[in-house]
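Student: Here are the chains, one letter per residue:
Number of protein chains: 2
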Amino acid sequence: MPVIKIYDTTLRDGSQAEDITFTVEDKIRIAHKLDENGFNYIEGGWPGSNPKDVDFFEKVKHLKFEQAQIVAFGSTRSPRKRADQDPNLNQLLKAGTEVITIFGKSWDMHVQQALETDLDENLRMVAESIQYLKKNTEEVMFDAEHFFDGYKHNPEYALKVLKAAENAGADWIVLCDTNGGSMPWEVHSIFETVAGELKVKLGIHTHNDSELGVANALAAVKAGARQVQGTVNGIGERCGNCNLISVVPNLKLKMGMDCLDAKQMKKLKELSAFVDELANRSHWNHQPYVGKSAFAHKGGVHVSAIRKNRETYEHIEPELVGNQTRILVSDLSGKSNIVYKAQEFGLDIDSADPKVQELLEELKRAERLGFQYEGAEGSFELIMREALGQREEHFEFVGFRVIVEKRKEDEAPIAEATVKVMVNGVQEVTAAEGDGPVNALDKALRKALTRFYPELEEMSLYDYKVRILDESKGTSAKIRVLLESGDQNAKWGTVGVSEDIIEASWQALIDAIIYKLGVAPRHAKEKAESKPQPKLERRGSRFHLKI
Amino acid sequence: MPVIKIYDTTLRDGSQAEDITFTVEDKIRIAHKLDENGFNYIEGGWPGSNPKDVDFFEKVKHLKFEQAQIVAFGSTRSPRKRADQDPNLNQLLKAGTEVITIFGKSWDMHVQQALETDLDENLRMVAESIQYLKKNTEEVMFDAEHFFDGYKHNPEYALKVLKAAENAGADWIVLCDTNGGSMPWEVHSIFETVAGELKVKLGIHTHNDSELGVANALAAVKAGARQVQGTVNGIGERCGNCNLISVVPNLKLKMGMDCLDAKQMKKLKELSAFVDELANRSHWNHQPYVGKSAFAHKGGVHVSAIRKNRETYEHIEPELVGNQTRILVSDLSGKSNIVYKAQEFGLDIDSADPKVQELLEELKRAERLGFQYEGAEGSFELIMREALGQREEHFEFVGFRVIVEKRKEDEAPIAEATVKVMVNGVQEVTAAEGDGPVNALDKALRKALTRFYPELEEMSLYDYKVRILDESKGTSAKIRVLLESGDQNAKWGTVGVSEDIIEASWQALIDAIIYKLGVAPRHAKEKAESKPQPKLERRGSRFHLKI
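Line by line, the protein sequences are chains A and B.
So the first sequence is residues 1 to 547, counted in the UniProt record's numbering.
So the second sequence is residues 1 to 547, counted in the UniProt record's numbering.
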């Protein structure tokens, strides 16, 4: 079982993505997480390029990592300069890491057109930079930028660059498909040729511009690569880098390579969600291996086959990467599905219980009305608990009124909501203005309830989706609103359906609040009792619903 | 240059994704778009599985497609039944398409455990189903479900199934990696072996569970596949299908295969955005080839190199797939795009005209606000005509007020709208109740205007979509409403953006009405003058907006 080293560049190449910014704090948290997950190298940044990265390396010096090594990244020395006087190289040494990676040109066109120097000088730049760093650092890696394109245009020169790096003492040479345009068979055959010419350990760095980032990395491993560079969730400039969250399970579970251990593998889903959270992106539901939908099954045929043998429709056991099989609630065909679902929620229920039959009837009725519980498992759990007599009433609805008024074409409309609820036998009437009718409703409702339930302050609204239901002839169009809410421990989806968008939103909002007050504390308790979980950081106003 | 047939299953396998629902109208619009883009086969649905798909095939019978063939999808006959008495097969024939695809089992474990029948009976099911369909249909394809997994477990039996299909007269056999767990080298070697054993044309159908959907399809083409099945943007169950929007440029631009022509290639980005729009998903910025960020460059080094030679950091010319280079600092693009777009609307405009520059500014301003004109070409044309001084004012907006009130938990809310407009110097104030606030607004507005413009009676509202815009930190969430309207001649999409959902709906509604009054008659006239067109069927009250 060959050992493959996992080299993460989420903090450097990943943060080049146009919509991603990490604070230094974010970077440190991610570095720790990567370390816990068993990643070998963590490229922290390019200290020569910006002060934030200098700051990161300064802070990281004082921190302990279990096994990962922090890497500083930079480029070869400038043309016609001495290596020991090159500010970029000295900045790298100042970062004080045990490992340094520098990139250099291996495509002749780039040397002449982008660098505007001659081919021999570039060879000297590579060699002298590595020699200088090697004198002062434990481990030095050389990233051969645009290697595959370079090799296609001028194989002789591209190889010369690698040999210069090898002779200068590089510990690793990493072949980069910088523009992401190579095909897997090209990567495989070029890599194999190179491996035959060199003795140094080789790595691979790919990009996803042809949707082949993962495939190209694997092709290189087949041809002898012993290090894979990439980012968590494939984030990065343009179409992103090779996605390590997919590469790792492919290496480990499909190719039998040695990288993360089984316990670390089980934390891949968590790592993936964590990085998205800090990057302020919603997690990709369909993400291979770790997405919420990756092992979700609907359709009676699939579900009954899955029950007989999970291998029928699952390429791996989802638990190996911390994921799980989901039987989609919309296709509730029978009692056994309900029992299965109830167990997921930690509810003890027997399929012989007459309540299960009642619940089935209730669900069928709701689905006929247009309710759908995919993505609204919070509402589903509320229905289930209600049927089991476990739903607590924290307040009673009396009424609401919403007014939206626009008086001039170039004036923003005014949205105002009045809400009446009964709490502990007392009628509360509150009103609020909002950025839109639903925002106004939300504000008025919180105003009425927070006095009694201060924990509502912890709840944020993350997402709001509206769909017009495909009306069958004759019936009137209905609207389904899906709301995603959460607190510091968890997220939950709720649903509302009505011909009126305001009412549908209202229903979903009420469910979200009831969940927060009645169900969320139970799950938080169960979770805390099973094992300690790191708390999600609360992001302030970002998630406020403004509609 | 081998010809590769592109087989799209967005409307069938794609719509299995848990978060995607297409209406029959959506499906028809997508089918036309795929046809224009040069896709060869369009799998429309599984008529045996649900009434919506039956409806789709009924409607599609009366429509004309330029070159694509519509395909009905289903399964082999049930065990121990006669093929000619199998309701599923007969339902397929009733769909009346020239091409039918059926799937069948090729993995022995599936035959025995999922189908619960014996291996020989499965061979008969495959053979007899194909024979029966072949008697009544032009072209029959056989999808060998789980072929690669089946072959790995029992190669002899898996091949037997394919031979049964070949001998029964299948025109194509398509090898499916149903669970998406295969590696590209496995797909390549198994495909090559199979190709050596059979004479029939072979296709490939892959899934993305290992983030290798595209790579696996290409590996099969390298081994002899002449048809690739997949979906637009890779949408589909679990982690999705093979993404045709990436496969096609890889085939055409990287492998030199013959599929779409150069003009159709240029519409890939538009197609990709269009399908996401109808699926109510935001377009993936980092999507290979067609994403907004796919050719976006930041960082001084990249940008200056790009200016010298685009090949330095771009693996293809983005224009080949309808995309463009974006330099993130100073994003100058566009005049030629606007002229191109104007020509599509039959507008005569010269790129030297200063109005083009004004229009560009206006569009940039609107895009910053969150407007987006993919799927809202009606609004786009209005902006364009306004810039050219061709927008007619039929009425003047004064104000509106909407009230939604709910007084008891089990009582439907009341929605009421008041609208003030000036028509021909006269102020009209009207009020109406509706099924929801937007419906009430729509009714009140029509009440005010129909007296002056009776042709508004011809206009129906077909669809209404709402999206919360993914905003960068600090700014408040905005809502985009997309409305689809139409009359007996055409359909048009309009858009509104606001923090208030009612106002966003109002904007889209106003645009739809202005388009109906000012633009629709022009196009109807042009159309009538060029060639007679079949009239779209008028949809009565079914499409009334009730929200």
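Don't read these hints as lab results, they were simulated from the structure.
Certain hints may be false.
The following label-pair restraints were derived from C-beta to C-beta distances [claimed, not checked]: (1) A:Asp348 x B:Ala412: 44 to 50 Å; (2) A:Lys64 x B:Met1: 56 to 62 Å; (3) A:Arg281 x B:Lys525: 44 to 50 Å; (4) B:Arg407 x A:Glu411: 41 to 47 Å; (5) A:Glu367 x B:Glu358: 48 to 54 Å; (6) B:Glu270 x A:Glu526: 45 to 51 Å; (7) B:Gly196 x A:Leu320: 34 to 40 Å; (8) B:Asp261 x A:Lys64: 33 to 39 Å; (9) B:Gln112 x A:Tyr453: 54 to 60 Å; (10) B:Val429 x A:Glu526: 56 to 62 Å; (11) A:Asp353 x B:Arg407: 52 to 58 Å.
Quick caveat, the model's predicted, so the values are computed rather than measured.
Ideal placement from N, C-alpha and C gives every residue a C-beta, glycine not left out.
Student: For every hint, state whether the structure bears it out.
Tutor: Outcome of the hint check:
1. A:Asp348 x B:Ala412: 44 to 50 Å: 37 Å Cβ-Cβ, so the 44 to 50 Å window is violated.
2. A:Lys64 x B:Met1: 56 to 62 Å: 59 Å, holds
3. A:Arg281 x B:Lys525: 44 to 50 Å: Taking Cβ atoms as reference, Arg281 (chain A) and Lys525 (chain B) lie about 48 Å apart, which means the hint holds.
4. B:Arg407 x A:Glu411: 41 to 47 Å: Since Arg407 (chain B) and Glu411 (chain A) have Cβ atoms about 30 Å apart, the given range 41 to 47 Å is violated.
5. A:Glu367 x B:Glu358: 48 to 54 Å: 52 Å, holds
6. B:Glu270 x A:Glu526: 45 to 51 Å: 49 Å, holds
7. B:Gly196 x A:Leu320: 34 to 40 Å: 35 Å, holds
8. B:Asp261 x A:Lys64: 33 to 39 Å: Violated - the Cβ-Cβ distance for Asp261 (chain B) and Lys64 (chain A), about 60 Å, lies outside 33 to 39 Å.
9. B:Gln112 x A:Tyr453: 54 to 60 Å: 56 Å, holds
10. B:Val429 x A:Glu526: 56 to 62 Å: Given a distance of about 58 Å, which is inside 56 to 62 Å, the answer is holds.
11. A:Asp353 x B:Arg407: 52 to 58 Å: 37 Å, violated
Consistency note: the structure conflicts with the earlier hints numbered 1, 4, 8, 11.
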